[in-house]
Amino acid sequence: MSNSFIDYLLRIRIPVIVFVALASFAVTYYVSRAERDGVGYTPDQPINFSHKLHAGDMKIDCQYCHTGVETTRFATIPSTQLCMNCHAVARTDRPDIIRLTEYYNSGKPIPWSRIHRIPDYAYFNHSSHITAGIQCQSCHGDIQNMEKVGQVNPFTMGACLDCHRNPEQKMPYLKQVKQGPDYCWACHR
Amino acid sequence: MAEHNKDTNNEKLYWKSIEEFQNDGVLDPSHYNEFRPGVKDDFDPSSSLNGISRRKFLTLLSASAALAAAGCTDYRDKGKLMPYNSKPEEITIGVPNHYASTCTGCENQCGILIKTREGRPIKVDGNPEHPISKGKICEKGQGSIMDLYDPSRIKSPLFNRNGIYNEISWIEADKQIIKALSELNGNTAAIISHRVFSPVALRLHSDFADRYPGVKFYYYDLFEGQSRVNAWRKCYGENSTPAIIKWEAADVWVSLEADLFGAEGNPVEQIRAHANRKDVKNAQKMNKLYAVEGRMTTTGMNSDYRLKLNTAKQYDFLMSLISDLSKQGVTSDLFSSVDFSAYDSSKLFENNSKDAKAFKQLVKDLASNRGKSIIYAGETSSEQVHILVNLLNEALGNSALYDTKTENLLSSGSASKSDWESLIKDMKSGKVKVLINYDSNPAYHLTADYGFEDALKNVGLVVSLSTLENESSFRSNYILPINHTFESWGDAQTRSGVKSLIQPVIEPLYNTRQKESILLNWMQDDITKFDAVAYHDYLKNYWLSFYFAGGANPDKWWFAALHDGVIVDTGAPDIKYTFSKDSGKDVKNSAVNSDGFTLLLTHSPTLHDGRFANNGFLQELPNSVSKITWDNYLSVSYNSAKELGIKTGSMVELDVDGRKLNVPVLIQPGMEDKTVSIDLGYGRTKSPVVAQAIGFNTISLMSKEAKISPFVYQNVKITPIPGKYELASSQDHYNYDETLIRDAHLKRHIIKEGTVAGFIANPNFLHEGPKHSQISMYPIFEYKDVKWGMNIDLNKCVGCGQCVVACNVENNIPVVGKDQVATGREMHWLRIDRYYSGTPDEPVTSVQPMMCQHCDKAPCENVCPVVATTHSPDGLNQMVYNRCVGTRYCSNNCPYKVRRFNFYDFRDHFAKGYYYQEPVNYAHNPEVTVRSRGVMEKCTFCVHRIEQARSQAKVQGRPVSGADVKTACQDACPANAITFGDQNNKESEFAKDHEHNLAYFLLEEINVKPNIAYLAKLRNTQPEGA
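Protein chains in written order, with my numbering: chain E, 1 to 189; chain S, 1 to 1026.
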């Protein structure tokens, strides 16, 4: 093997290979980041429920359906019975409402597709965030304008800490805001 | 050996096992061997992988890659969210509900609160409204959650066809049984049940016997305390029942072979009373506890004075006590009814021995505390001993401590020996056509000389009602699965004035029925119309007719009663106990004078009569004295073992009047020579897998003709036989008080003790002497808000282990199995260390709960290469499972040895994944991560409860305070020895206790700044010569 070939290998070929590999990794990493974090995930639902109609146009308070969000860890998906509070009489002729009524009468739960999910080892608490005055939209996006709900923000630990450490930047609407906890057991136990 | 006991500073030198005590200067191999024998590299790649060729490996690799590719689904799919169709009103997702009920695990029938999450019971606590248990519950009650979710529960009715069990329908089974019951024609049917404490169930039984003439109920329990009851009735009349003792009012407690803090009476009540009298803030008022016993019990460990006494010599002991008391000038006409002239303490105890001195002190204390002391004999004692105890208490005026407001109710009572004998005779003659084991196990519990199993062959139809397979169901034609108590309705009453209710907290998990409903259904004309709530109506009607005082809304009254779970009546007329003066006349010693071994069969606080044998939590709870798990063993004294030439782990043959059993030996410090003891309830032969081959069935040593009591046998022959047996103990690993340098050991001060008199004279005695100057290379962190801490009062703690079970249930701690405990891999976050000092003949024992100390300068944190363990701003040592890579450096660097490593996914590993099956996962606390293989874990100070309290406080707009949080161990501690709170709130009682004169921190000199303060134990002993 000639000296010049090794020289070529060391000075050009290998650096180029390494650069291409790193560059493609970096590009893929950043381009696919949102996808990997689940941003933009908008699954089909068994019933085409419109948050835009209910929360946006009709201005029904979030907590009419998502009870418990102020007092417990969970925002909770409302029970079918709660839908029937209105839809026993409202719009009973629409196909989706007919489907809803069928679910209700069958006694089976509606299998909603899950959109937001944090891992089981993270214990997120809705109540402490809501009582601090943080709006639903800060994490869930402009839900009142969504015909079909999708994920808007990444639900990663980095995203959590981003707000916990800089709440005044992330939530300028809050007048008095303290930093959120950033020790491990605040969320993981 | 003697060198050990006396060090130069005249301080106690603690030792933890006989092996440690014996070896003089030579270190136990376990102290320098990194691994215990039996620990092997389970992950040896050469053993399992080298059989695969390169080609095969590549084939497998590509096959799995192809499979993975084929298995690809939508990677963004996050599953489904299933809301309720219509949400039950009382459920809020994420918020637990508590339902009041009653524990039916033993005859105490304590009130409980069952915590449920989204309809699943996950934890059992005591019901604070219950006047007896007062918010605490023993280990059996706490562990019973595992019985509900036992994967081996019988799931539908079974029919035995030639030894093979086939599933059948309830209707089919009911029809066959009803047919047999209706065609008795002068023959009889026997229903064998444990004793019943439910007034409603008793009425149901009598209704049932009316409906089917010829049906007779037989009630029994292995521990029915019959000798106590018989003795009491001889002293206080046929209708009287043994009085309830106002323990708290007694200044001197004398326990005669009674494990008051173990399994005797109601341990929860007794531990609480004891703790209330061991309050350091009221040191003048501390009680004096004497334990007079042949074996070593939890009570003996915690006593102020312990006298060793051969179990067969209790009669002599009491007579000597009377003799010495009268010599002291205590006179009573009751004394003249017994002939004690031949007895004298000098014949019982060697002159000037520790026991003789303690006896003298006992006589002095009894004489000077008349009316304020109590003598209490255990359930194993003979009738004669109980009569003498009653007589002594009466003569000393101690009957003033008998509770006159409430009395014990015996409810169903129990079948006598002659009842059983005539039943067996009838069974043999074929007169008994139907035999129903009504949630009972007579084939295991009845002594072999009854010949029950033999007689069973002539019974036409045998039916077993049971939750689990057992020795009796094994011989049945039909097995009918019944509900767990948590799925049942019911009530209970063990004392007058206190009635408690049982309500279901979950729908039956399987095709099971409540045992009372089964009887109720059989009483109907049309048995196909089973109604699961019929027993509820039966119960409610009874209660309304008997206890409802009237009012507009009986339903409201009923719901209120269910809500509270207990109804307390007051205002009943005072109970009078009139001692008949001649009671002492006929007493004579039932024990013979002999030099042979005395065998004492004992009541296990965990397995009870064997019904909890299939419960991994209870099997793995270390015995509070020996720290042995998963076994029963013969406890032998140090000298007797020497005499017999046996060691811990040797096998011996026990020969009790010809009944033989081979058992392993444990040398137990503090045992009386020539007295041996072994637990009952082990050695189940027909049981699901957890109890299989665990321990030895010592019921086979019992006889219905026992002379002293069913639990005490004299002249037992003990013959060493070849063979070794491994006892899995949780004590001898984690020798954190051991160092290679003996002298350093003396200065460690892990246990500090004093005397009450010493403390009163000099409250600061603990902190005198030179202090370590503590400097640190790390900057001091300022804890601005709360700083969590814990106090453990060693005066109150008796080492019962209920905190350990509470912690296991709360924190999803797995059962690891005997083999893993033997290699030191038990996962308990909280353990109770037990130390002996002195000689194995007369040890002084100390106990100490030990868990993560949440050190301010935690040594574990410095060495973690992946920062998986860090410190929180509220003073907690955090462990993050997801970061942990399992180097175990932290455990190596922990001075307290409280970290636990998941060598396996233990749920998967134990008994071939027994606890990996449905529905065990229902029992998990959803607030605590279930850890998997390869991560470290340890006590979290119940951080999920802390964070819960934090967010609660936040919702309510106030700062979190120390009083908001109670840890699981604190909740469970019947002595209230554990308190938890905020050290920074200097005004709080907690913070004051944290800096109490008696508070000390472990291994203070290494400057890790632990956050658990131990309050040093004060023994209420008389100073020498006083």
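The hints are simulated quantities; they were obtained by calculation from the structure and are not laboratory data. Misleading hints may appear alongside valid ones.
[Claimed, not checked] Simulated restraints on C-beta separations:
no., chain 1, residue 1, chain 2, residue 2, range
1, E, 25, S, 724, 26 to 34 Å
2, E, 32, S, 693, 38 to 46 Å
3, S, 82, E, 156, 21 to 29 Å
4, E, 18, S, 38, 46 to 54 Å
5, S, 985, E, 23, 42 to 50 Å
6, S, 56, E, 25, 26 to 34 Å
7, E, 156, S, 777, 50 to 58 Å
8, E, 23, S, 152, 54 to 62 Å
9, E, 32, S, 63, 51 to 59 Å
10, E, 39, S, 537, 32 to 40 Å
[Claimed, not checked] Straight-line alpha carbon distances no greater than 20 Å define the calculated DMTMM-like cross-link-like pairs of lysine to aspartate or glutamate that follow:
no., chain 1, residue 1, chain 2, residue 2
11, E, 148, S, 74
12, E, 108, S, 595
13, S, 954, E, 44
14, E, 178, S, 782
15, S, 80, E, 120
16, E, 178, S, 785
17, S, 707, S, 421
18, S, 80, E, 44
19, S, 647, S, 673
20, S, 87, E, 182
21, S, 954, E, 182
22, S, 87, E, 120
23, S, 80, E, 37
24, S, 78, E, 96
25, S, 752, S, 419
26, S, 134, S, 279
27, S, 540, S, 207
28, E, 148, S, 77
29, S, 80, E, 102
30, E, 108, S, 507
31, E, 178, E, 168
32, S, 897, S, 782
33, S, 78, E, 70
34, S, 784, E, 182
35, S, 857, S, 673
36, S, 80, E, 96
37, S, 78, E, 37
38, S, 78, E, 44
39, S, 954, E, 70
40, S, 1009, S, 856
As the structure is a computational prediction, the values presented were derived from the model and not from experiment. We put the beta carbon where it would ideally sit given N, CA and C, even for glycine.
Against the structure, the hints come out as follows:
For the pair residue 25 (chain E) and residue 724 (chain S), the supplied restraint of 26 to 34 Å is violated, since their beta-carbon distance comes to about 60 Å. Between residue 32 (chain E) and residue 693 (chain S) the Cβ separation comes to about 55 Å, which falls outside the hinted range of 38 to 46 Å. At roughly 25 Å, the beta-carbon separation of residue 82 (chain S) and residue 156 (chain E) lies within the given 21 to 29 Å, and the hint holds. In this structure the supplied range 46 to 54 Å holds for residue 18 (chain E) paired with residue 38 (chain S), their Cβ-Cβ distance being about 50 Å.
For residue 985 (chain S) paired with residue 23 (chain E), a C-beta distance near 57 Å fails the hint of 42 to 50 Å. Taken as a hint, the range 26 to 34 Å holds for the pair residue 56 (chain S) and residue 25 (chain E), whose Cβ atoms sit roughly 33 Å apart. Between residue 156 (chain E) and residue 777 (chain S) the CB atoms are about 36 Å apart, so this pair departs from the stated range of 50 to 58 Å. Our hint of 54 to 62 Å for residue 23 (chain E) and residue 152 (chain S) holds, since their Cβ atoms are close to 59 Å apart.
Range check, residue 32 (chain E) to residue 63 (chain S): Cβ separation about 28 Å, and the 51 to 59 Å hint is violated. As the Cβ distance of residue 39 (chain E) to residue 537 (chain S) is approximately 57 Å, the hint placing it in 32 to 40 Å is violated. Between the alpha carbons of residue 148 (chain E) and residue 74 (chain S) the distance comes to roughly 19 Å, so the proposed pair stays at or under 20 Å and holds. Taken as a hint, the residue 108 (chain E) and residue 595 (chain S) pair is broken in the structure, with Cα atoms around 74 Å apart against an allowance of 20 Å.
A hinted pair counts as satisfied when its Cα atoms are at most 20 Å apart, and residue 954 (chain S) with residue 44 (chain E) does not qualify at roughly 36 Å. For the hint pairing residue 178 (chain E) with residue 782 (chain S), the CA-to-CA distance comes to about 19 Å; that is within 20 Å, so the pair holds. Proximity of residue 80 (chain S) to residue 120 (chain E) is assessed by CA-CA distance (about 15 Å); at most 20 Å being required, the pair is judged to hold. At most 20 Å may separate the alpha-carbon atoms for a hinted pair to count; residue 178 (chain E) and residue 785 (chain S) meet this at roughly 14 Å.
For the hint pairing residue 707 (chain S) with residue 421 (chain S), the CA-to-CA distance comes to about 18 Å; that is within 20 Å, so the pair holds. For the suggested pair residue 80 (chain S) and residue 44 (chain E), the alpha carbons sit about 12 Å apart, so the restraint of at most 20 Å is met. Annotation: proposed proximity of residue 647 (chain S) to residue 673 (chain S) holds, straight-line Cα distance about 15 Å (limit 20 Å). Between residue 87 (chain S) and residue 182 (chain E), the direct Cα distance comes to roughly 35 Å. Violation of the 20 Å bound is thereby established for this hinted pair.
Of the pairs offered as hints, the one joining residue 954 (chain S) and residue 182 (chain E) holds, with about 16 Å between alpha carbons and a cut-off of 20 Å not exceeded. This hinted pair does not check out: residue 87 (chain S) and residue 120 (chain E) have alpha carbons roughly 24 Å apart, beyond 20 Å. With a C-alpha separation of about 18 Å, the suggested pair residue 80 (chain S) and residue 37 (chain E) falls inside the 20 Å cut-off, and the hint holds. Simply put, residue 78 (chain S) and residue 96 (chain E) have alpha-carbon atoms about 23 Å apart, too far for the 20 Å limit, and the pair is violated.
Distance hint between residue 752 (chain S) and residue 419 (chain S) is unfulfilled; the C-alpha atoms sit about 55 Å from each other, more than 20 Å. Proposed proximity of residue 134 (chain S) and residue 279 (chain S) is supported: the alpha carbons are some 18 Å apart, at most 20 Å. Taking the CA atoms of residue 540 (chain S) and residue 207 (chain S), the gap is about 16 Å. The hint holds against a cut of 20 Å. The straight-line distance between the Cα atoms of residue 148 (chain E) and residue 77 (chain S) is roughly 16 Å, inside the 20 Å bound, and the hint therefore holds.
For the proposed pair residue 80 (chain S) and residue 102 (chain E), the alpha carbon gap of about 19 Å is at most 20 Å, so the pair holds. Distance restraint check for residue 108 (chain E) and residue 507 (chain S): the Cα-Cα separation of roughly 18 Å lies within the 20 Å cut-off, and the hinted pair is therefore satisfied. A distance of roughly 8 Å separates the Cα atoms of residue 178 (chain E) and residue 168 (chain E); the hinted pair therefore holds under the 20 Å criterion. Of the supplied pair hints, the one linking residue 897 (chain S) and residue 782 (chain S) is violated, its CA atoms being roughly 27 Å apart against a limit of 20 Å.
With a C-alpha separation of about 25 Å, the suggested pair residue 78 (chain S) and residue 70 (chain E) falls outside the 20 Å cut-off, and the hint is violated. Annotation: proposed proximity of residue 784 (chain S) to residue 182 (chain E) holds, straight-line Cα distance about 15 Å (limit 20 Å). Our distance criterion of 20 Å between C-alpha atoms is broken by residue 857 (chain S) and residue 673 (chain S), whose separation comes to about 48 Å. For the hint pairing residue 80 (chain S) with residue 96 (chain E), the CA-to-CA distance comes to about 19 Å; that is within 20 Å, so the pair holds.
With a C-alpha separation of about 12 Å, the suggested pairing of residue 78 (chain S) with residue 37 (chain E) holds against the 20 Å cut-off. Between residue 78 (chain S) and residue 44 (chain E) the alpha-carbon distance is near 12 Å, which keeps this suggested pair within the 20 Å criterion. Simply put, residue 954 (chain S) and residue 70 (chain E) have alpha-carbon atoms about 11 Å apart, close enough for the 20 Å limit, and the pair holds. The hinted pair formed by residue 1009 (chain S) and residue 856 (chain S) meets the criterion: a straight-line CA distance of about 5 Å does not exceed 20 Å.
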